[in-house]
Amino acid sequence: MFKRILLVACVVFLIATCAALAADTKTLTCIGPWSGAEMEAFVPVLQAFEKETGIKVEYRIYRGEDLSAQLPAQFSAKTTPGDVIFMWAWFIAKQGEAGHALDLTGLVKDADYLPGALDSLKVGGKLYGIAYTGKVKPGFWYRKSFFQKHGLTPPTTWEEFVALLDKIAKIPGIKAPIVSGDGVGWPLSDVTEHFIATFGGPQLHKELTAGKIAWTDPVVKGIFEGRLVPLLKAKRFSEPIEWTQALELWWQGDYGLYFMGSWITGMVKDPSDLGVFSLPGARGIVFGADYAFVPKYTKHPEEAKKLIQFLATKGQEVQVTKGGHIATYAKVPLDAYPPVDRGVAELLTGRVALSDMDDTIGGEWQPAFWDQLKLLWVKPDRYVEVLETLEKKAP
Amino acid sequence: MRERLLRPIFFVPALVLLAAFVVYPVVNTVWLSFLSPKGDFVALDNYAEVLSQPEMVDPRGFQRGFPYGALIHNFMWLIIHLPLTVHLGLALAVVLRGVRGGSVIKSIVFLGMVTPMIVGGIILRFMFDGSIGIVPGIVRLLGGTPHTLTAYPETALLSLILGSLWLWVPFGMVLYSAGLETIPSEVYEAAMIDGASPLSMFFRITFPLLKPITEVVVTMTFLWDLKIFDVVYAATMGGPGGASNVLALQMYFYAFREFNPNSAAVVACVLMLLTTLVAAPMMIRSAREAR
Numbered sequence: 001m002f003k004r005i006l007l008v009a010c011v012v013f014l015i016a017t018c019a020a021l022a023a024d025t026k027t028l029t030c031i032g033p034w035s036g037a038e039m040e041a042f043v044p045v046l047q048a049f050e051k052e053t054g055i056k057v058e059y060r061i062y063r064g065e066d067l068s069a070q071l072p073a074q075f076s077a078k079t080t081p082g083d084v085i086f087m088w089a090w091f092i093a094k095q096g097e098a099g100h101a102l103d104l105t106g107l108v109k110d111a112d113y114l115p116g117a118l119d120s121l122k123v124g125g126k127l128y129g130i131a132y133t134g135k136v137k138p139g140f141w142y143r144k145s146f147f148q149k150h151g152l153t154p155p156t157t158w159e160e161f162v163a164l165l166d167k168i169a170k171i172p173g174i175k176a177p178i179v180s181g182d183g184v185g186w187p188l189s190d191v192t193e194h195f196i197a198t199f200g201g202p203q204l205h206k207e208l209t210a211g212k213i214a215w216t217d218p219v220v221k222g223i224f225e226g227r228l229v230p231l232l233k234a235k236r237f238s239e240p241i242e243w244t245q246a247l248e249l250w251w252q253g254d255y256g257l258y259f260m261g262s263w264i265t266g267m268v269k270d271p272s273d274l275g276v277f278s279l280p281g282a283r284g285i286v287f288g289a290d291y292a293f294v295p296k297y298t299k300h301p302e303e304a305k306k307l308i309q310f311l312a313t314k315g316q317e318v319q320v321t322k323g324g325h326i327a328t329y330a331k332v333p334l335d336a337y338p339p340v341d342r343g344v345a346e347l348l349t350g351r352v353a354l355s356d357m358d359d360t361i362g363g364e365w366q367p368a369f370w371d372q373l374k375l376l377w378v379k380p381d382r383y384v385e386v387l388e389t390l391e392k393k394a395p
Numbered sequence: 001m002r003e004r005l006l007r008p009i010f011f012v013p014a015l016v017l018l019a020a021f022v023v024y025p026v027v028n029t030v031w032l033s034f035l036s037p038k039g040d041f042v043a044l045d046n047y048a049e050v051l052s053q054p055e056m057v058d059p060r061g062f063q064r065g066f067p068y069g070a071l072i073h074n075f076m077w078l079i080i081h082l083p084l085t086v087h088l089g090l091a092l093a094v095v096l097r098g099v100r101g102g103s104v105i106k107s108i109v110f111l112g113m114v115t116p117m118i119v120g121g122i123i124l125r126f127m128f129d130g131s132i133g134i135v136p137g138i139v140r141l142l143g144g145t146p147h148t149l150t151a152y153p154e155t156a157l158l159s160l161i162l163g164s165l166w167l168w169v170p171f172g173m174v175l176y177s178a179g180l181e182t183i184p185s186e187v188y189e190a191a192m193i194d195g196a197s198p199l200s201m202f203f204r205i206t207f208p209l210l211k212p213i214t215e216v217v218v219t220m221t222f223l224w225d226l227k228i229f230d231v232v233y234a235a236t237m238g239g240p241g242g243a244s245n246v247l248a249l250q251m252y253f254y255a256f257r258e259f260n261p262n263s264a265a266v267v268a269c270v271l272m273l274l275t276t277l278v279a280a281p282m283m284i285r286s287a288r289e290a291r
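Protein chains in written order, with this note's numbering: chain A, 1 to 395; chain B, 1 to 291.
If you're looking for bench data, these hints aren't it; they were derived computationally from the structure.
One thing to keep in mind: the hints can contain errors.
Short derived list, chain A residues pointing at chain B, Cβ under 7 Å [said to hold, decoys possible]:
| hint | residue |
| --- | --- |
| 1 | SER68 |
| 2 | ALA69 |
| 3 | LYS109 |
| 4 | PRO240 |
| 5 | GLU364 |
| 6 | ASP371 |
| 7 | GLN372 |
| 8 | LEU375 |
| 9 | VAL378 |
Restricting the straight-line Cα-Cα distance to at most 30 Å, the calculated cross-link-like pairs of lysine-lysine (BS3-like) are [said to hold, decoys possible]:
| hint | chain 1 | residue 1 | chain 2 | residue 2 |
| --- | --- | --- | --- | --- |
| 10 | A | LYS122 | A | LYS393 |
| 11 | B | LYS38 | A | LYS212 |
| 12 | A | LYS392 | B | LYS38 |
| 13 | A | LYS305 | A | LYS322 |
| 14 | A | LYS269 | A | LYS149 |
| 15 | A | LYS392 | B | LYS227 |
| 16 | A | LYS175 | A | LYS144 |
| 17 | A | LYS122 | A | LYS331 |
| 18 | A | LYS331 | A | LYS56 |
| 19 | A | LYS299 | A | LYS94 |
| 20 | B | LYS38 | A | LYS393 |
| 21 | B | LYS38 | A | LYS296 |
| 22 | B | LYS38 | A | LYS126 |
| 23 | A | LYS122 | B | LYS38 |
| 24 | A | LYS393 | B | LYS227 |
| 25 | A | LYS206 | A | LYS221 |
| 26 | A | LYS94 | B | LYS38 |
| 27 | A | LYS122 | A | LYS78 |
| 28 | A | LYS78 | B | LYS38 |
| 29 | A | LYS126 | A | LYS109 |
Where a beta carbon is used, it is the ideal one built from N, C-alpha and C, also for glycine.
The shape of chain B in the complex, shown without the other chains (with noise of 0.2 Å):
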């Protein structure tokens, strides 16, 4: 009885916590967004205006080509960035498991992941410079003419996501190597006796052995791909002409450039929104295996 009674006690500094650094600033930024300003409620004011801005959504992007917008910007990223991270994490996970030396390569690929991703902004910015970096230097060696190709709207975006990859597929490689570990050896070597070939043993057991890591793969980088900040902000500034703007930049420039909170929070939501869309399924599932 006195244990049932003490139970909730031992919860109580965790929710104070929760309460005073979570919820509170949650439920204050959703308020904001309906606000104007001056304070007055505006309902979904804000939501209109700000989504109809270019900066957010750019319709003649699709004649003149970039930028199309922060919100689509997310989108390729999201299209482009979220199954090369899974693949190559896969891939090399795979492939460096029965190398010679795999993991000390692992190890290499994995600095990438303990980089700060404000220090890669700035790596990727010089890795492209058409003076001195690599990217171009490479096309340099192959006869074309260098660029900075961070420089020009057509290749300032992809740049970025394709540079990028090198901070967050070791994530990837790091888990589904875990997974790897998991799968016990006597499937394999009854798929052998059977005669499976390396690639059916692929894709009818490592495959779907490592579905509940790709689940986890995919959510985080897709969380990852939307809450983009840093990456972009010191590689580009989300230039040039705003071509590779992204939402969580433009929520900076609307909170500390415009200093117009309000329309900071919109974004704030839209980006929790679309998180919490990517993020409750695994949370559910997650609930109910607990169970």
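Looking at chain A on its own, in the form it has when it is part of the complex (with noise of 0.2 Å):
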């Protein structure tokens, strides 16, 4: 009898041990907007943080449309559905105003970064977030394979690329020369952001970004008069296609050209087969940095500062193995990088590199940018109210 009881006691205490050390470990949660193989590429980052610190880490995937919606009832009512959260630099930095972000000061240095890459984050001298890796939107990617096939090179000034995509209109089975990606409407808004730096010039980008010029002005009406309207026009685009679906219909040859971010070079079956070309005059390319915050309300302070410091810093090394993008974090060692990714970081050079207008500016306008574009998309000759509808959401 005694021993019996012996040995319902000895279980009862494994188990009472096993439940307090399972309740001891704590397990971070990180938001993200990466799914498939953005995600596969980010999931080694948070595993060599686990390894380096043996603090597990769950990733859960929201976008950011979605997430504007639930973090601000979440912290009104002083919860946060994660531990580090990725999400628009501007709304990081409106969160850390509100008082809802940790105060991330001291965590990262200035200096170790690319120049301006921490600016948008900061509120009244504090730091509210990290900028993690980032990715560059350099123009128009084309094949390899495809451009020799059809004895086409990439063009030098704005003649060449209009002949450029008349001929390949005229290839048989090509559905129009670019296709145009549509997600909630971004891949447009990185088109017509590419416009405006190379034909406004990196300034005009600078001051429509900052509300010191109006989106009525007679220097961007020209930009899309004369050189964004005729392309639609004459269906040199075509009509907004969801991203990634785009991404297949242009790799198997339905398209020539597709305008996508670096990211594209993670992608695909084949980077060694990816060419790309600004549009002739580009001055300014824009480079959009990822962001991440730790809500005020985590219950894992210390361990997600640590977790947001690793991704700030050795956590870009992992991340740019992978491919398709660039490290703000200036001690990343460019041998780190995929030969393909040197070549995207190439086109930097000699180039202003420019804020993503729709995340810097975000609030209300960031959605009307996208949503007015896919109308000018299919509706180019209704750009007048595209731009006053612009103007009139302007903060």
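Join these two chains into a complex; the hints should help.
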């Protein structure tokens, strides 16, 4: 009888100990927008953190659009769905200002990053987020094999660019020279920003972002009227197609060119077949970084800070080896990049790195920009109305 | 006596829950709609401001086409979606009643009803996609040029309205099917003996006896059309250029993109007013019948 009691007591003690140990294991939740191939490239970063610190991390996928609806309500209730959350810079700054994000001042040094990389995350001298890797939106991607097969060459002037589109349009089986990626609308905004930065110059791009110049200004109107709208009217761009589907259609040869960010190198079957060119005369290129922050309501602030610090530094090195990402952390060695990304980085040489306009402005303007461009793409004649709406929505 | 005293006590839990989760949010929303973002009382200024926005009503639409504004778009949902839902639901219920294997077909039709609306919205998006969608695929088969119908302002709203029929018609079909079972077969037998044609039996017996069901279907569809959100959110996000925007989505934009709870509260109140106007007759009738 005594032996039985002892056995039961031992089992109970064992279970209790295991339960206590399990409860003590801290698991962080990291929320990001990446799924599919992009997620597969990001998960090794979290695994590297787990290996280094012994802290478990669970990854959850949420789009920025969904988080923008959920987080304010969660924060008002003093709770958070994640310990480290990737989100737009303007949103992080806003939450920092409202007291919903942890102050990360001193966690990373400005000098270790690309110039200005952390600026949009600061409010009143305090840093509320970190810059992760970024993506360049360099221009129009093409398959080298496609260009070779049809005797095409990247253009060096606007006239050559227009002639290239004409040539591609005449290739049998081609639906349109350029495929237009669509999601919530951001791929169209990337194309438009590239036209603005090329034909209006980096300064115009910066002034539009800062709200110092109106969307209805004759200079802006001229870019739309003289460059983008004629191409849209001539059906040189396809109608908006879901962007991952557009990638497949372009890769299989239904379209000749695809305007996309540098992450495309991590999404195609053969990155060595990729070529890219900017619009002739481009002096500025959009460099869009991903940003993360720690909500004030995390239950594990110290561990979350460790994770975000890792992401901001060593994690970037792990990420860039997977392709498609450019580090904002200056200490990432160049030989960490796959060859194709080194080529992308070269495109930045001698050009001004511009912040992503819609991600920087944010608020109600961002979806309005995306939505109005969807309209412009199918109704290019209504460009004046589009510009008026953008001006009206501008903060 | 004790029973009379105890009876109200049993209402208390329900009343507390109603007060906390229905009455308080409603009152607070109405109150918010009269306040400025800074918290000052501004009477109807918010209403004037919101209702004069082109996102709500855009008179330019009557000259150049879509968008017409969320309020007008919701009315379009009502004008097109409501009668189609009622008539198709009734037609399916009547036709499938006497058909062999009708219950199997009804079960298949009912799949639309059990599909979450957000999933339905995503399915709609791909259904109308120019490259892989079934609708442009049919156009291609017929020799036409396929387009992504949700990408064009002229067709986006109509695509959503017609496409969402499979999500909501099953509701009417199920209610009408249940209603048809309540009509005694003797009524039809008597009519047949009197020499009534199937058509006159439908209009003189079936349709009048299904009137209470029709009232429910019309009211519920009316409310569904007014509060439509998830289908539009997932399929087009109100685009392109606001061409398929609706009131509930505009409320979402005000609340979660502009972070302007006051404007969102105005749209919520407008929606509440419209739904109350529609639901009130049914509620009054139910109360009378209960008495």
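Hint by hint, here is what the structure shows:
no.: 1; hint: SER68; verdict: holds, 6 Å
no.: 2; hint: ALA69; verdict: holds, 4 Å
no.: 3; hint: LYS109; verdict: violated, 32 Å
no.: 4; hint: PRO240; verdict: holds, 5 Å
no.: 5; hint: GLU364; verdict: holds, 4 Å
no.: 6; hint: ASP371; verdict: holds, 4 Å
no.: 7; hint: GLN372; verdict: holds, 6 Å
no.: 8; hint: LEU375; verdict: holds, 3 Å
no.: 9; hint: VAL378; verdict: holds, 5 Å
no.: 10; hint: LYS122/A / LYS393/A; verdict: holds, 24 Å
no.: 11; hint: LYS38/B / LYS212/A; verdict: holds, 26 Å
no.: 12; hint: LYS392/A / LYS38/B; verdict: holds, 22 Å
no.: 13; hint: LYS305/A / LYS322/A; verdict: holds, 24 Å
no.: 14; hint: LYS269/A / LYS149/A; verdict: holds, 19 Å
no.: 15; hint: LYS392/A / LYS227/B; verdict: holds, 27 Å
no.: 16; hint: LYS175/A / LYS144/A; verdict: holds, 19 Å
no.: 17; hint: LYS122/A / LYS331/A; verdict: holds, 22 Å
no.: 18; hint: LYS331/A / LYS56/A; verdict: holds, 26 Å
no.: 19; hint: LYS299/A / LYS94/A; verdict: holds, 21 Å
no.: 20; hint: LYS38/B / LYS393/A; verdict: holds, 21 Å
no.: 21; hint: LYS38/B / LYS296/A; verdict: holds, 25 Å
no.: 22; hint: LYS38/B / LYS126/A; verdict: holds, 26 Å
no.: 23; hint: LYS122/A / LYS38/B; verdict: holds, 25 Å
no.: 24; hint: LYS393/A / LYS227/B; verdict: holds, 25 Å
no.: 25; hint: LYS206/A / LYS221/A; verdict: holds, 16 Å
no.: 26; hint: LYS94/A / LYS38/B; verdict: holds, 17 Å
no.: 27; hint: LYS122/A / LYS78/A; verdict: holds, 22 Å
no.: 28; hint: LYS78/A / LYS38/B; verdict: holds, 22 Å
no.: 29; hint: LYS126/A / LYS109/A; verdict: holds, 12 Å
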